[in-house]
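Novice: Note that the protein sequences, when read in sequence, are chains A and B.
Take the first sequence: its letters are residues -6 to 241, numbered as in our numbering.
Take the second sequence: its letters are residues 76 to 381, numbered as in our numbering.
If you are wondering where the hints come from, they were derived from the structure by calculation, not from laboratory data.
Beta carbons are placed, not taken as given, at the ideal position from N, Cα and C, and that holds for glycine.
Just some of the chain A residues that point at chain B, by a computed CB distance under 10 Å:
1. 92
2. 94
3. 95
4. 98
5. 120
6. 121
7. 127
8. 141
9. 143
10. 151
11. 176
12. 178
13. 179
14. 180
15. 182
Chain B side only, calculated, beta carbon under 10 Å to chain A, not exhaustive:
16. 76
17. 80
18. 102
19. 103
20. 105
21. 107
22. 122
23. 160
24. 165
If you want the building blocks of each chain, they are given just below.
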Amino acid sequence: MTRILAIASGKGGVGKTFLAATLGHAIARRGRRCLVFDADLGLANLDVQLGIDAPVDLGRVLEGRIPLERAVFRHEETGLDLVVGRSGSGTLAGLPPARLVALARELHALAPRYDVVLLDLAAGVEPPCRLFARASHGVIVITTEEPTALTDAYAFVKVACDRSRPVMVVANAVEDRVRGREVYETLARACERFLAFRLSYLGAVRRDPRVGEAIRAQKPLLVRHPTSPAAADVEDLAARLLAPAPRG
Amino acid sequence: MRLRVFEAATAQEALEAVRRVLGPDAAILATTRVGDRVRVTAAVDLDATPAEDILAGAGSERVASEVDACLAAHRVLPDQLGRLVEEAAGSGLAESEAALAHALAALGGFARPDVLHGGSLAVVGPPGAGKTTLIVRLAAAARLAGREVRVAVDGDLQAGARERLAALLRPLGLQASDGKDRDGDGPLLVDTVGTNPFDARELAAVLERVRGRGCTPILVLPACTDAAEAFDAGCNFAALGVRRAVVTGLDRTRRLGSLVSLLAAGLVLCGATASPFLDRGVLPLTPAGLARMLLRRKDRTRERPA
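Excised from the complex, chain A in its bound form (with noise of 0.2 Å):
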């Protein structure tokens, strides 16, 4: 069955974009059809990270010129099916809610072609985020050891997660995944105390030099650096994510 996969982290600039197009790929390798659904839809730049120059965006379709089905494309390099957004378009971002829920039905309607959609979604906890999240099923929040990203991520579980949903934690750019699982911790016991909501840990991403490297090349991290400890982490992310649920 697919899965609906939100990936937020409250704080913008913690990596969320860098995760859906790595995670996706990595997805993609294992022999999973995935989609990658650019869903910041003000400030877009899943497509400035892959260096690609997109056929057609999202713009069309909330323009009401295109179905979303016709905004997407194939990236050959990663084997992921793209719908990227279109940057600096503030009135894609102050869209009425019932369009965000006619776009987020058309998504679903489109969901099970794949085996896991990934939405990248905006930073912040605005309607389109909070939607977002509800009309998938299950949330990835990505955050960083400092306080900001980790108070921000808090902040995004706190309004915008239900318990109808499992909500992971991946912890990126730490050290080792020693202090990866002290990150996760640190924001589950806060979420545990305050909003008596309990989050699962899927993993760490360390901090490595290539990632920035691959990021201002305009290339994917698994194609750029294969073999560097961020990509380790991520195809770790990839087999946990897509291993089958514990029966019981």
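Given chain A's structure and the hints, the job is docking chain B onto it.
Specialist: Frame of chain A, contents of chain B only:
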């Protein structure tokens, strides 16, 4: 959440700093050793409302998604669904039921079934819609209220239909006339032959005849009609000047997109039947009642026959 990091020579000193700065409700989130010092991460959230509670009171996007899911389950046509979601989300009302009622009221008209009593009327609509039984319900209601009423037939009813009408009217002490309207007191209720909603000439002929008898035409349509068919049929009747509609068989229908279609076609919903018992009359339909019914029956639309 107010999150702070405290460093001190000992854990006790760090914890004292936590209490001093964040107060007694602070939660210790992490404790680590950094060189020869202790680092404590702590936080307070004085407004720690669980997410569900916030979402329950949250604004228009929750209303929009609930109304959208509900109307999609009832197979409401996409255009009408979009208009209703837009109107509900923009209503500023936090409850989906109230917001949907507001949107339904903005979409079309509602009238109490009282408008069916007192004046002469004719029921028109496709075959099998429940026209004859509606006539009997209206006649029964009039008799129970002690009012005089006359019943007549327009056109050639199908074989057996005339006998059925006569049998249904007999307990009320009424007979249906078919030629010249029977002299007497009270408004005239005219049962018509089922018409093809997509045959404009046939529709126009029926409407001309019943109007010639001084009757207001009332469209009768089963609630189980496909939403697109109901919209098209409603538009055709509305184009010929029919203003009011009654839906039948609500008790045996789960998906109610047809009711929304009739509103969108410009017809005023004057009531519905929801019982096989003819003495139950016509039930009122209001924006709030229809909204409640749409939301409460939403889950039943997913049931499958055993």
